[in-house]
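Trainee: Sequence:
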Amino acid sequence: MASNTFGKLLTLTTYGESHGPAIGGVIDGFPAGLELDLAQVQKELERRRPGQSHITTTRKEEDVVEFLSGIFEGKSTGTPIGFMIRNTGQRSRDYSNNVNVYRPSHADYVYDAKFGFRDPFGGGRSSARETACRVVAGALAQQFLNLASISITAFVSTVGNISINKSVNELDLSEVDSNIVRCPDNYTANEMISLIEQVRKEGDTTGGVITCIIKNVPAGIGEPLFDKLSAKLAHAMFTLPAVKAFELGSGTSAVFQRGSEHNDPFRNINGKIRTTTNKAGGINGGISNGEDILFKVSFKPVSTIHKAQETVDSEGQNTMMTGKGRHDPCVVPRAVPIVEAMAALVVADLMLINPTRNINHFNFK
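So for the sequence shown, this note's numbering puts the first residue at 21; every next one is plus one.
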């Protein structure tokens with residue numbers, strides 16, 4: 021059982037803890053011969069790294085990735101790509117008050133229940149620090165997807181009770197990184213930033229929603245039944261810390277419609293089968309239909325707050341605790357590149373699997 025490995029043909033295995041000397045991973049199954057832009061990988065890490073603005077955690081990490089194997093003269097060799105990111109900004113003293121106390125809504129208690137032991141500093145293996153490894157792998161997967169002109173763009177669409185009141189088609193997605201909250205609507209972005217600043221001053225946190233759109237995925241990607249494209253995307257997003265909901269296309273609003281309203285009629289448009297609407301979010305029967313794939317991921321408020329809360333210690337005694345340390349008042353601005361990375365890993369893995377499903381893809385002589 022490899023619970024620290026993601027993917028089937030293209031796999032990522034990660035290692036490391038929040039306050040250990042380093043985190044890292046091994047990417048296996050990556051195709052050989054692809055010229056890699058390692059500067060772009062680093063750029064994606066910088067979009068995720070802590071300390072990037074006043075609305076994120078103040079922990080400082082340079083997050084410089086070191087590649088150890090699988091790349092020669094700038095190209096992938098087809099062998100495992102090993103990499104490491106050194107931790108340099110740990111401050112374990114911030115967690116001295118929860119060595120024997122379970123932080124509310126954190127994984128502290130359940131890790132103890134499962135393993136009989138836990139790393140109390142920064143959450144150890146359960147920390148969102150591990151997601152930096154996903155960004156490295158996802159950035160490389162995206163470079164593979166570039167060969168098919170597949171693009172993946174995520175953005176913050178909701179923070180607390182503030183949401184973008186525009187459709188995806190009305191937004192200029194090139195503006196996602198134009199502000200620190202990563203919302204491509206500047207008016208809404210400023211409102212979101214003000215709300216995050218407010219909850220931070222109050223010692224509290226807030227949640228949010230990230231919307232993601234995947235363009236140019238050809239029809240036919242995704243495996244029947246248990247490895248549906250929709251299921252794999254949902255699985256990928258739920259492996260991320262703080263995720264509470266996943267919606268594809270029309271999502272939960274579909275329950276309020278009738279079939280005659282919700283169906284996406286097919287039409288032959290210039291020799292291509294297309295749909296007249298996209299309530300399905302680009303996926304039918306778990307397989308891509310050629311339309312844009314659209315989904316939303318909901319994140320809960322960060323669990324560490326600077327207010328006193330009821331909890332228990334490792335002996336089961338009732339106690340009170342107040343969160344300490346450097347934490348995001350809202351996780352979604354830094355989670356945007358992580359959502360993109362996990363989506364890239366899912367689509368790349370299924371793209372690699374797809375040729376094996378049709379004998380006509382083989383050139384036997």
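Note that these hints are calculated values from the structure, not bench results. Hints are supplied without guarantee of correctness; some may be wrong.
Below 20 Å or equal to it, Euclidean Cα-Cα: the simulated DMTMM-like pairs (lysine to aspartate or glutamate) are [to be verified]:
id, residue 1, residue 2
1, K299, E190
2, K80, E66
3, K299, E281
4, K320, E222
5, K327, E217
6, K186, D312
7, K63, E195
Label-pair restraints from in silico Cβ distances [claimed, not checked]:
id, residue 1, residue 2, range
8, D197, E55, 57 to 63 Å
9, N283, E86, 23 to 29 Å
10, S334, G240, 30 to 36 Å
11, N24, A59, 26 to 32 Å
12, D197, E217, 31 to 37 Å
13, E86, S23, 38 to 44 Å
14, G98, F137, 15 to 21 Å
15, E222, K80, 23 to 29 Å
16, S169, I200, 27 to 33 Å
17, E222, E335, 28 to 34 Å
18, S280, G98, 28 to 34 Å
19, L29, T339, 46 to 52 Å
Glycine included, each C-beta is placed from N, C-alpha and C at the ideal position.
Trainee: Each hint needs a verdict: does it hold in this structure or not?
Mentor: Status of the hints after comparison with the structure:
For the hint pairing K299 with E190, the CA-to-CA distance comes to about 17 Å; that is within 20 Å, so the pair holds. Of the pairs offered as hints, the one joining K80 and E66 holds, with about 11 Å between alpha carbons and a cut-off of 20 Å not exceeded. Straight-line distance between C-alpha atoms of K299 and E281 comes to about 10 Å, which keeps the hinted pair within the 20 Å bound. For the hint linking K320 to E222, the alpha-carbon distance of about 17 Å falls within 20 Å, and the restraint holds.
About 16 Å separates the Cα atoms of K327 and E217, which keeps this hinted pair within 20 Å; it holds. Among the hinted pairs, K186 with D312 is consistent with the structure: their alpha-carbon atoms are about 17 Å apart, no more than 20 Å. At roughly 16 Å between alpha-carbon atoms, K63 and E195 fall within 20 Å of each other, so this suggested pair holds. Remark: the range hint 57 to 63 Å for D197 to E55 is contradicted by a beta-carbon distance near 25 Å.
Separated by about 51 Å at the C-beta atoms, N283 and E86 break the suggested range of 23 to 29 Å. Range check, S334 to G240: about 52 Å between beta-carbon atoms, so the 30 to 36 Å window is missed. At about 28 Å, the beta-carbon gap between N24 and A59 stays in the expected band of 26 to 32 Å. At roughly 20 Å, the beta carbons of D197 and E217 sit outside the given window of 31 to 37 Å.
The hint said 38 to 44 Å for the Cβ distance between E86 and S23, and at roughly 25 Å that hint is violated. Taken as a hint, the range 15 to 21 Å is violated for the pair G98 and F137, whose Cβ atoms sit roughly 38 Å apart. Distance hint check for E222 and K80: the Cβ-Cβ separation is about 24 Å, which falls inside the suggested range of 23 to 29 Å. Hint check: S169 to I200, Cβ distance near 30 Å, so the stated range 27 to 33 Å holds.
In this structure the hint that E222 and E335 lie 28 to 34 Å apart at CB holds, the actual value being about 32 Å. The given range of 28 to 34 Å is broken by S280 and G98, whose C-beta atoms sit roughly 51 Å from each other. Take L29 and T339: their Cβ atoms lie about 48 Å apart, and the range 46 to 52 Å holds.
Hints 8, 9, 10, 12, 13, 14 and 18, counting from the list given before, are not met by this structure.
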